[in-house]
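Residues per chain are reported as follows:
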Amino acid sequence: MQYALLIYGQERSEEVPEDLMAAEYRAYDQFTRYLRERGAMLAGEALEPTSTATTVRVVDGKTLTTDGPFAETKETLGGFYLVQAADLDEAIRFAAMIPGATHGSIEIRPIFNVPYASGDSGSAES
Amino acid sequence: MPDRVAPGAAHQLVDRLFREEQGRAVATLIRVLGDFDLAEEAVQDAFIAALETWPARGVPDNPGAWITTTARNRAIDRLRRRSRLSEKIERLGREATESALRSIDADPAEDAMHIADDRLRLIFTCCHPALAMDARVALTLRALGGLTTPEIARAFLLPEPTLAQRLVRAKRKIRAAGIPYRVPPPELLPERLDGVLHVLYLVFNEGYSATSGDSLVRRELSAEAIRLARVVDQLLPGEPEVLGLLGLMLLHDARREARVGAGGELILLDDQDRSRWDRERIAEGQALVRRALELGRPGPYQVQAAIAALHDDAVTPADTDWPQIATLYLALRAMTPSPVVELNLAVAMAMADGPAVGLAMMDGIAASGELERYPYLHAARADLLRRLGRWSEAATAYRQALELTTNGAEQGYLERRLGEVASARAAEPRPN
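Residue numbers (my numbering), protein chains in the order written: chain A, 1 to 126; chain B, 1 to 432.
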């Protein structure tokens, strides 16, 4: 099965010392390599902070854009992985290995296979 | 040639069988189908078929195996009907499922191991930590306990649609989120087994606490928790906490008849007619506790069971081995510290070493404010103050407890005590 592991936490602030940030990046790099080695890594990215976010709605055919995230929350989405896992237990094991899990939280969402999809991505079959 | 049976007798037999066998049949079919709903529907079909055919043709030699085989055939029928509407690709999957269904060996002797494995897997699936606690409880009772949705709804005082919805959502999550259908690997087993035991204990307590609700269904809940704990013990033998929990439940359940009065009111431990305690259950519970403790891996359920065993051992309240109980609460506090455990420890210490010792501990708990709204803290403190002759403080504490308690029997007790301390205070010469 495929799962999105959504990484929530406090936004990175400028005050975090550089060596701590470097250690965090190394830890993420290590986890990404772990997933790759076992063929579980489908995708994964970190996101710029919500201060850079733009929210779009289409109302009566008009595109409305607003500055900032859809909802102001204490913990924000900071990044994600898309992984291949045997079942929820394996996805939980992966999620617990994400460095952000110790100072934020990881939401595990199974990927929904959209029926009647055109199928040109072709790889949705687990 | 099987005997013919009267329709009424067949009905009773099917009812009893439903309780005992439906969990097994469902578990086996879920393993093969990976689908709770289809499995449950097929098993239900089989029981309906039993009601229709047994009165005329007689009860088969092995009714349980008959149910599983019939359910398997009904599942194949249902799959065929479904797939008539769907695509070729699904037919391939269906054929694989059908052959797996056919391979279900309904011979109980050869299949006993399989069935055991199926049920154990299902217990772990139903109690998976990714499900909400109330969903775990409902699923376990429904899939393994053989309780019907209306019965579970009645036991938890919930409208039936609410409970049905809860079950639907839980099954959907199992499927969509990929909650595995298996016994967890060794590294996860202790944690997951804890989760299973927690669910069983919750079910038991729901059936034991006489707060409200249909008493017959409540009795059924406790019986079911005990039965499922026995199943877990059979399937995972030698797990001390499983033995501990089973023992704990039996040792409490033994007092069931004595703890409720003729009017349905709760009778406190000290006032119970101990001759009405179920000696057989107590003996079994105590033997389980001994066996568990001999394994040398103590845990909270074993310690609580040992405490219950000591209470059950006392012929009168005065015979209670309080020093031993205090020692056990010390052990329990080391394992699972909480203000309620602390309070129980304080009560035991007061009984073992005198009210002053217990009161000092309770004052500490009261100062922390954590049990501010907990009537038993105020009631226990009041009792110690009364024993120390500190009448006016005792009266205040009894009043605090009275404000918080909703149980009629407990209110009666507290009011009686309040009256006692008030008259003791009035009889005392007052300092000027």
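Check before you lean on any hint, since a few could be wrong.
Straight line, CA to CA, 20 Å or less: simulated EDC-like cross-link-like pairs of lysine to aspartate or glutamate [what the hints assert, rightly or not]:
| hint | chain 1 | residue 1 | chain 2 | residue 2 |
| --- | --- | --- | --- | --- |
| 1 | B | 171 | B | 220 |
| 2 | B | 173 | A | 37 |
| 3 | B | 171 | A | 29 |
Residues of chain A placed beyond 10 Å of chain B at every Cβ, according to the derived structure [stated by the list, open to error]:
| hint | residue |
| --- | --- |
| 4 | 3 |
| 5 | 24 |
| 6 | 33 |
| 7 | 62 |
| 8 | 91 |
| 9 | 108 |
It is worth saying that the hints were derived from the structure and are not from the lab.
Ideal Cβ positions, reconstructed from N, Cα and C, are used throughout, including at glycine.
When the structure is checked against the list of hints, which entries are broken? Sort them ascending.
Checked against the structure, the hints that fail are numbers 1, 2, 3, 4, 8 and 9, while the rest are satisfied.
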